[in-house]
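Just so you know, the protein sequences line up as chains G and H, in that order.
The numbering used here numbers the first residue of the first sequence as 7 and each following residue consecutively.
The numbering used here numbers the first residue of the second sequence as 7 and each following residue consecutively.
One or more hints might be untrue.
[Said to hold, decoys possible] Calculated cross-link-like contacts (lysine-lysine; reagent style DSSO-like; alpha-carbon spacing at most 27 angstroms):
1) Lys18/G x Lys50/G
2) Lys296/G x Lys50/G
3) Lys137/G x Lys50/H
4) Lys50/G x Lys230/H
5) Lys296/H x Lys50/G
6) Lys302/G x Lys50/H
7) Lys246/H x Lys230/H
8) Lys302/G x Lys205/H
9) Lys184/H x Lys137/H
10) Lys50/H x Lys18/H
11) Lys230/G x Lys246/G
12) Lys246/G x Lys18/G
13) Lys50/H x Lys50/G
14) Lys205/G x Lys230/G
15) Lys246/G x Lys205/G
16) Lys184/G x Lys246/G
17) Lys246/H x Lys205/H
18) Lys50/H x Lys246/H
19) Lys205/H x Lys184/H
20) Lys296/G x Lys18/G
21) Lys50/H x Lys296/G
[Stated by the list, open to error] So the derived list for chain H, only partly shown, Cβ under 8 angstroms to chain G, looks like this:
22) Lys50
23) Phe90
24) Gln94
25) Arg123
26) Gln206
27) His209
28) Met212
29) Ser320
30) Tyr323
31) Tyr336
In short, the hints are calculated from the structure, not lab data.
Note that beta-carbon positions come from the ideal geometry of N, C-alpha and C, so glycine has one too.
2 protein chains.
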Amino acid sequence: MKGERFSFQLLKDGGGGRLGTIITPHGTVSTPAFMPVGSQGSVKALAPADLQEVGTEILLCNAYHLYLRPGIEVVRQGGGLHRFMGWQGPILTDSGGFQIVSMSALQEVEPEGVRFRSHFDGSLHFLTPEKVVQIQEELGADIMMVLDNCSSYPASRNEAERAVALTAQWARQSQGAKGRDGQALFGIVQGGVYSELRKQSAHEIMEIGFDGYAIGGLSLGEEKEVTFEMAQVVTSLLPKDSPRYLMGMGTPEDILAGVRMGVDMFDCVLPTRCARTGLLFTRFGQLNIKHARYNKDTAPIDPACGCYTCRNFSRAYLRHLFLARELLAYRLNAVHNLFYYHSLMRDIRQALSEGTMDQFARAFVSQRGDTTENSRDEGGEIVC
Amino acid sequence: MKGERFSFQLLKDGGGGRLGTIITPHGTVSTPAFMPVGSQGSVKALAPADLQEVGTEILLCNAYHLYLRPGIEVVRQGGGLHRFMGWQGPILTDSGGFQIVSMSALQEVEPEGVRFRSHFDGSLHFLTPEKVVQIQEELGADIMMVLDNCSSYPASRNEAERAVALTAQWARQSQGAKGRDGQALFGIVQGGVYSELRKQSAHEIMEIGFDGYAIGGLSLGEEKEVTFEMAQVVTSLLPKDSPRYLMGMGTPEDILAGVRMGVDMFDCVLPTRCARTGLLFTRFGQLNIKHARYNKDTAPIDPACGCYTCRNFSRAYLRHLFLARELLAYRLNAVHNLFYYHSLMRDIRQALSEGTMDQFARAFVSQRGDTTENSRDEGGEIVC
Chain G
7 MKGERFSFQL LKDGGGGRLG TIITPHGTVS TPAFMPVGSQ GSVKALAPAD LQEVGTEILL
67 CNAYHLYLRP GIEVVRQGGG LHRFMGWQGP ILTDSGGFQI VSMSALQEVE PEGVRFRSHF
127 DGSLHFLTPE KVVQIQEELG ADIMMVLDNC SSYPASRNEA ERAVALTAQW ARQSQGAKGR
187 DGQALFGIVQ GGVYSELRKQ SAHEIMEIGF DGYAIGGLSL GEEKEVTFEM AQVVTSLLPK
247 DSPRYLMGMG TPEDILAGVR MGVDMFDCVL PTRCARTGLL FTRFGQLNIK HARYNKDTAP
307 IDPACGCYTC RNFSRAYLRH LFLARELLAY RLNAVHNLFY YHSLMRDIRQ ALSEGTMDQF
367 ARAFVSQRGD TTENSRDEGG EIVC
Chain H
7 MKGERFSFQL LKDGGGGRLG TIITPHGTVS TPAFMPVGSQ GSVKALAPAD LQEVGTEILL
67 CNAYHLYLRP GIEVVRQGGG LHRFMGWQGP ILTDSGGFQI VSMSALQEVE PEGVRFRSHF
127 DGSLHFLTPE KVVQIQEELG ADIMMVLDNC SSYPASRNEA ERAVALTAQW ARQSQGAKGR
187 DGQALFGIVQ GGVYSELRKQ SAHEIMEIGF DGYAIGGLSL GEEKEVTFEM AQVVTSLLPK
247 DSPRYLMGMG TPEDILAGVR MGVDMFDCVL PTRCARTGLL FTRFGQLNIK HARYNKDTAP
307 IDPACGCYTC RNFSRAYLRH LFLARELLAY RLNAVHNLFY YHSLMRDIRQ ALSEGTMDQF
367 ARAFVSQRGD TTENSRDEGG EIVC
């Protein structure tokens with residue numbers, strides 16, 4: 007399927023989610039799909055060979071990060087992002103709309119674009135929607151994201167309204183700036199925690215027309231209930247024949263909830279970030295490898311897991327590596343956590359395919375129930 | 007060859023070195039051999055699968071480190087060190103004689119053993135030669151090292167004399183303490199920078215009789231000339247039918263010099279430590295990946311190198327990973343550096359086999375000559 011233009015095939019809809027295939031110039035992706043995050047052109051602690059082995063089909067990188075470091079010209083001269091980072095599968099690049107707001111200093115949103123200082127070296131930059139498309143075209147992303155205006159949380163209705171308006175205006179400019187065929191461009195729906203604004207934003211973005219639609223500006227601190235209410239409002243409006251992407255989420259439970267409301271694509275730093283704090287995902291909840299109880303535990307993280315880590319190493323060894331701050335710890339943990347996420351997606355796709363999503367979800371929740379080992383805060387959120 | 011008892015076959019002697027095979031219960035090792043260092047039960051940033059791929063035949067671990075953390079009982083319950091760390095090839099464990107002196111606090115050498123405080127938690131420990139053999143037997147090392155008394159540098163002749171005497175006494179006790187068949191025990195020759203003491207120590211250790219002989223207490227700050235003078239004094243006395251191991255050395259140039267004086271085994275942290283500081287070994291000298299000149303360099307570290315890193319990634323990407331402090335940097339660099347070291351050993355063995363060692367050494371020196379990129383201090387030592 008390499009070399010094909012972007013397209014989306016919806017194979018099955020209903021029965022607790024959507025089963026589909028995304029076709030890109032660098033290969034196909036089975037949806038619902040999880041995208042590991044490699045913001046700077048590397049999924050933390052993992053080589054491309056590891057990603058293949060854990061079952062990654064599509065990666066997320068970040069145009070904002072790569073623009074600042076190493077710079078687009080370095081990647082371009084290196085043969086584009088795929089060749090530069092040695093990953094030959096599909097890549098989605100985030101525009102950095104969210105990162106510019108959350109990471110950079112002295113950020114000012116103007117109607118023409120965003121002025122900000124690099125969080126690396128304080129250098130001054132101005133990015134327009136057109137420039138962000140051009141950057142992603144030069145990176146060679148299979149899927150590009152428009153520059154959106156992500157309001158912070160909490161945002162007043164007025165602020166959220168302005169963000170929706172600017173997001174629509176920029177989306178129009180982004181669509182107009184597309185200079186190459188083959189690379190897909192996704193629009194992003196904003197609207198904060200206001201249903202009416204979410205609906206308005208969805209309609210405006212759909213009217214412009216994109217290869218896929220993302221739901222942005224969620225999971226910024228609002229109640230989980232509100233997150234999913236907003237996501238539901240948007241997915242119920244989005245066209246059935248395009249992929250839907252819920253940005254920056256989430257826990258295994260979040261993903262299952264997203265799938266059930268018709269989301270096709272997910273990304274989150276959780277599996278790789280938790281790897282670096284010793285929090286390991288399993289069918290039975292999270293396991294905190296630092297815990298003294300694993301001191302002499304010769305079992306793998308999950309005896310039923312087929313990942314490289316579980317096939318070769320005990321909890322006792324992983325605990326030792328982590329406490330000794332051996333670099334191998336972060337990698338073995340990341341291999342396991344991503345393998346868990348991708349296995350979850352496979353199981354979800356199988357349940358969708360077989361029409362057994364309700365049973366799957368019940369079994370999932372009852373297994374993951376209560377062994378989360380200090381990994382949740384008071385609100386039930388996974389902390390790592 | 008798995009499951010065999012320890013033995014050494016000298017295949018060829020003379021013509022610029024010794025060609026041999028070490029047979030151990032966990033497989034065979036072609037000598038001259040380089041042993042990557044995995045003090046805490048992990049070669050920094052590498053998994054066992056990487057070690058196999060770069061050509062590692064035998065690993066060095068450290069009994070002192072593993073005794074302190076995670077503790078011998080943890081490793082024993084984990085099925086021994088091989089199973090615990092997932093490495094099925096031969097393992098040599100260093101006794102920790104050097105580390106106790108160099109790393110622990112409040113260290114006191116008594117005739118019965120060494121009293122010291124853990125460099126991790128300040129806990130008080132007393133290790134005797136017998137206990138150190140027992141530890142290594144429980145770890146299941148293929149090759150164990152006696153507890154020696156490594157005098158610091160500079161040491162007066164009197165101090166060095168006392169260290170030699172204690173080293174011989176402890177070596178005798180160590181040999182007497184050996185309780186299991188199958189695991190080899192190597193003696194260690196001390197004597198500081200005093201030729202006469204080196205000779206005396208060699209004779210005393212040989213008289214006790216060991217499966218192999220190590221030269222310890224060198225490369226502690228003395229002039230390189232002196233290092234090799236001492237090594238030469240010792241190797242000229244050691245029995246031909248046993249392997250000789252020059253501890254803790256060194257640079258590619260050191261290894262070549264050691265081979266030429268009849269050394270069979272080497273270990274050094276240099277390739278893995280330099281990996282973490284961005285210093286990469288090549289046939290043409292060291293390459294400092296941080297250097298701005300590699301910013302847009304699309305070539306691999308060494309176009310003729312066959313390692314995973316060189317087959318897949320450019321200098322520009324490796325520089326980016328390093329500057330972005332991506333964990334993958336340390337691994338890709340370590341893969342390359344160890345591949346370089348093992349390739350060097352293969353080339354050396356081939357030259358020995360073909361009787362072309364002189365030509366090999368000349369070509370080696372002329373290639374590596376002068377492109378070391380700030381990686382050497384005033385004395386010409388590699389700094390990383």
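Here's how the hints hold up against the structure:
no.: 1; hint: Lys18/G x Lys50/G; verdict: violated, 34 angstroms
no.: 2; hint: Lys296/G x Lys50/G; verdict: holds, 20 angstroms
no.: 3; hint: Lys137/G x Lys50/H; verdict: violated, 41 angstroms
no.: 4; hint: Lys50/G x Lys230/H; verdict: violated, 40 angstroms
no.: 5; hint: Lys296/H x Lys50/G; verdict: holds, 19 angstroms
no.: 6; hint: Lys302/G x Lys50/H; verdict: holds, 22 angstroms
no.: 7; hint: Lys246/H x Lys230/H; verdict: holds, 25 angstroms
no.: 8; hint: Lys302/G x Lys205/H; verdict: violated, 45 angstroms
no.: 9; hint: Lys184/H x Lys137/H; verdict: holds, 10 angstroms
no.: 10; hint: Lys50/H x Lys18/H; verdict: violated, 34 angstroms
no.: 11; hint: Lys230/G x Lys246/G; verdict: holds, 25 angstroms
no.: 12; hint: Lys246/G x Lys18/G; verdict: holds, 11 angstroms
no.: 13; hint: Lys50/H x Lys50/G; verdict: holds, 16 angstroms
no.: 14; hint: Lys205/G x Lys230/G; verdict: holds, 19 angstroms
no.: 15; hint: Lys246/G x Lys205/G; verdict: holds, 16 angstroms
no.: 16; hint: Lys184/G x Lys246/G; verdict: holds, 24 angstroms
no.: 17; hint: Lys246/H x Lys205/H; verdict: holds, 16 angstroms
no.: 18; hint: Lys50/H x Lys246/H; verdict: violated, 34 angstroms
no.: 19; hint: Lys205/H x Lys184/H; verdict: holds, 26 angstroms
no.: 20; hint: Lys296/G x Lys18/G; verdict: violated, 42 angstroms
no.: 21; hint: Lys50/H x Lys296/G; verdict: holds, 19 angstroms
no.: 22; hint: Lys50; verdict: holds, 6 angstroms
no.: 23; hint: Phe90; verdict: holds, 5 angstroms
no.: 24; hint: Gln94; verdict: violated, 10 angstroms
no.: 25; hint: Arg123; verdict: violated, 18 angstroms
no.: 26; hint: Gln206; verdict: violated, 39 angstroms
no.: 27; hint: His209; verdict: violated, 40 angstroms
no.: 28; hint: Met212; verdict: violated, 37 angstroms
no.: 29; hint: Ser320; verdict: holds, 6 angstroms
no.: 30; hint: Tyr323; verdict: holds, 5 angstroms
no.: 31; hint: Tyr336; verdict: holds, 6 angstroms
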